[in-house]
Amino acid sequence: MRIEEHPILSFERGRKVHFYFNGKKLYGYENESIAAALVANGITQLSKSLKYNRPRGFFCGIGKCASCRMRVNGVPNVRICIENVREGLEVETQEPLAELPSREFDDKGIDTLECDVLVIGGGPAGLCASLEAAKSDADVIVVDENFKLGGQLLKQTHKFFGSKHEMAGKRGIDIAKELEKEIIENNRIRVFLKSSVFGYYESDHGHLFGMAQRLDDMSEKVYKVKCKSAVIASGASENFLVFPNNDLPGVYGAGGVQTLVNVYGVLPGKKVLMVGSGNVGLIVSYQLLQAGMEVKAVVEALPKIGGYFVHAAKLRRFGVPIYVSHTVKEVYGEDKVEGATIVEIDKNWREIPGTEKRIDCDVVCLAVGLSPSVRVVSLTGADIRYIPEAGGYVAIHDDCMETTKRGIFVAGDLSGIEEASIAMLEGKLAGLYSAKRAGKDVNEDKADEYRKRLEELRAGPFGERGRIAKEKIRRLWKECH
Amino acid sequence: MSLKDYERTGTITVDEIKMPSEEHLKRGVAIIECVQEIPCNPCVDACPFGAISMEKLNATPKIDYDKCKGCGKCVSVCPGLAIFVVRIRGENGFVTLPYEMLPIPEKGEVVDVLNREGKVIGEGEITNVRVENRTGVITVRVDKNLIMEVRNICPKR
Ligand SMILES: Cc1cc2nc3c(=O)[nH]c(=O)nc-3n(C[C@H](O)[C@H](O)[C@H](O)COP(=O)(O)OP(=O)(O)OC[C@H]3O[C@@H](n4cnc5c(N)ncnc54)[C@H](O)[C@@H]3O)c2cc1C
Ligand code: SF4
Ligand code: SF4
Ligand code: FES
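Sequences listed follow chains Z and B, in order.
Be aware that the first sequence starts at 1, since it is given in our numbering, and climbs by one per residue.
Be aware that the second sequence starts at 1001, since it is given in our numbering, and climbs by one per residue.
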C-alpha cells in the first residue's frame, strides 16, 4: 500500500512505469526501488532460504543483507532494494543458488579513473568527507551502491539533536538535500551511483580499488580507481535476533521498514511490534505512527528504556506501551507474520513463565543495534579489531581517522556505531586529512574545531559507549605504532 | 545507580517539573519536559528572550519563568517535541503543544485531550493552529486544572 498523505513528507515518486514480476505486469514509479514497488503490490515473499526453502522477505532495504536477491533482465543476484524500477524491467524470483546470467553481455573493457581522494559511501560521513576534501582542492570521486545519495539520512524525517553547527533542529531528509546540492555544485567532485567498490589492489602510486557500476540494461561496467588516499564510509548493517520464526516475511529490520515507509512511502502492514527501545526503535515507532500504522508495543530486554526519554515520551503520549524487561518469545504465521508472543524476563535474562502476552501484529521490527560494514576496509589490509562498544569489528584509527594502512581513512558508522551528527564531523576530519595525504595544503585549525565538537557531542551519559569505543581504538592504534 | 521511574515508563509526573507561579501561568510560560543529559540545545537558540539556558551541550535546559513570555517559538524547534506552553485565563486553561500527525485539526474543532500516557482525560477546543517547519503548533482550550496533564490531542474525525 502506498501512502497518499503524510504530515512531514511529500513523496516525489516520479513517472508511473510498468515492469514484470514472474511474467505478471505490475506498476511502480521510477523513483522507487524494485523491492518497494513489489511490497506496494502486496508481494512480501522475495526469496527462499538456501537449505530449507523457507520464505524470505526483505530485511534491511539498503543492500546489506542479500535477502531480496532476484533475477533482473536475466541477471541473477540483484539486490532489488537498491535497484530502481524502470519501464519494462523483467524481475523474477530465483532459486536460492542462482544460475548464471541467461544473457550474454558485450565486453565493455575496464576503464581507469584517477582522483586525489576516493570516497566510498555517500551517507552523511562520505558526503561531508567529499566536501571537505574538495574544499582543500582535492579532486574527489564519491561512490555509492544505491541509486540515490544520502545514505541513512534519506529516511530520517525527524529533527536532529546536537547544536546548530551540526544543523540541529533540521530534519535528516533536509540535511541530505543540502549536502547533495553542495556536492553536485562542486566541480571537483564526481559522483558514481549504483557503483560498488569490490576490491583493493596493491599499487606503486597510491591505492587502487576495483569498482563495478550497474548500467540501465543491467550489465556492469568495471573501473579501476587510482587514488592517493581514500575515505571509506560504508556505514553499518542491522543486527538480527534469534527466536522461532525470525525469518518469516514480516520480520524486518527497523531501518528497513523506515526506508520503505519514509523513502518510498510504502507500508509493509498495519500493526507493528517493535523490538528494542534504543533511539532507532523509538524514532522508527513514532515515524510509523506518522505514516498511519498502529504500533502495538515496544519491547526492551533491559530493565530500562535504551533511547532518549523525550523520544519515549512522544510515543507514550499516543498510548503506545513500552514493556521493559520483555523480549519476543516467538513469531507465528504461515507464510507471513500473523502475530507474536512477548514474555517478561528476569535479571538473568530467563523467561518468566506465565507472563506471555500475545500481540496481534503483521509486522515485527528488529531495532537491536547495528554492526559496522567492514568488508571493504578489511580488503585494504587495515588492522581490524572487535570492539563491543563500537558495535563489532572496526578498523583501528587515529584521531585523524586514518587506519593502520597509510592513506586509508574511515568515518561514520563504519568507524564505530554512533549517530549522524558524529558521522558528519568524522567525515570532515577524514576528508581534511585524506586531502593532506594526497599532498594538499590543509587548514588544520579546522580539525581542532571538529575534534572539540565531537568531544562535546560525546560528553554526556548517552555518549559513554562511543567514548569508551574511541578510547579503546586509540589505545590499540598506539600499540600498533 | 538506581533507576528513575521515567527510565522504565517513558513518562514523568508533575512533581518532576519546576512549577510556575500563578502570575507566570496567567501570562503563559513554556514547560520543558526534557530531563536527561542529551547532546542537544536548539531550544536555547530559539528563545528570543533568553529564557532558556544550558551550561553545556549535554546539560538539561533550564527555564527562567520570569523571562519567558509564553510566545511558543521554542515549541516547534525542539527535536524532542518536549516543550509545551501553558496559560490560565479565568476558568480556562490553554495548552500549546507540538503535533506532527494527520489530520491537523482546525480552529474551533473539539478534540479529545490526552495525558502523558495517551489516555483520554477530557475534551478541548482548538483555539490556534500554526505549522512551522512541518510541525503543527496547536493550542487547545481545556479545564484550567488540566493544563499540567494535557500533553496530546486526538481529533474525533
Ligand atoms: C532509525 C535511525 C535513526 C537515527 N536517528 C539519528 C538521529 O536522530 N541523529 C543522529 O545524529 N543520527 C541518527 N541515526 C544514525 C545515523 O543514521 C548514522 O549514524 C549515519 O547515517 C551514519 O552515516 P554513515 O555515512 O557512516 O553511513 P550510511 O548513512 O549508512 O552511509 C553508508 C553508504 O555507503 C554505501 N556503501 C556501503 N558499502 C559500499 C560499497 N562497497 N561501495 C559503494 N557504496 C557502499 C551505502 O549504500 C550507504 O549509502 C539514526 C539511524 C537510524 C537507523
Ligand atoms: S515560550 Fe517563547 S519566551 Fe518562553 S521559552 Fe519558549 S521561546 Fe522563550
Ligand atoms: S531542544 Fe528540546 S530536546 Fe533539545 S535540549 Fe531543548 S528541550 Fe531538550
Ligand atoms: S539487501 Fe535488499 S533487503 Fe537487504
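Since the hints were derived computationally from the structure, they do not count as laboratory data.
Wrong hints could be hidden among the right ones.
[What the hints assert, rightly or not] Output of the computed footprint for chain Z on chain B, the stretches with three or more beta carbons under 8 Å from beta carbons of chain Z: (1) 1094 to 1105; (2) 1141 to 1151.
[Said to hold, decoys possible] Far from chain B, by Cβ distances over 12 Å, these chain Z residues were calculated: (3) E5; (4) N31; (5) V191; (6) K224; (7) L241.
For glycine and all other residues, C-beta sits at the position ideal for the given N, C-alpha and C.
Here is what the structure says about each hint:
| no. | hint | in the structure |
| --- | --- | --- |
| 1 | 1094 to 1105 | holds (count 4) |
| 2 | 1141 to 1151 | violated (count 1) |
| 3 | E5 | 6 Å, violated |
| 4 | N31 | 20 Å, holds |
| 5 | V191 | 28 Å, holds |
| 6 | K224 | 42 Å, holds |
| 7 | L241 | 22 Å, holds |
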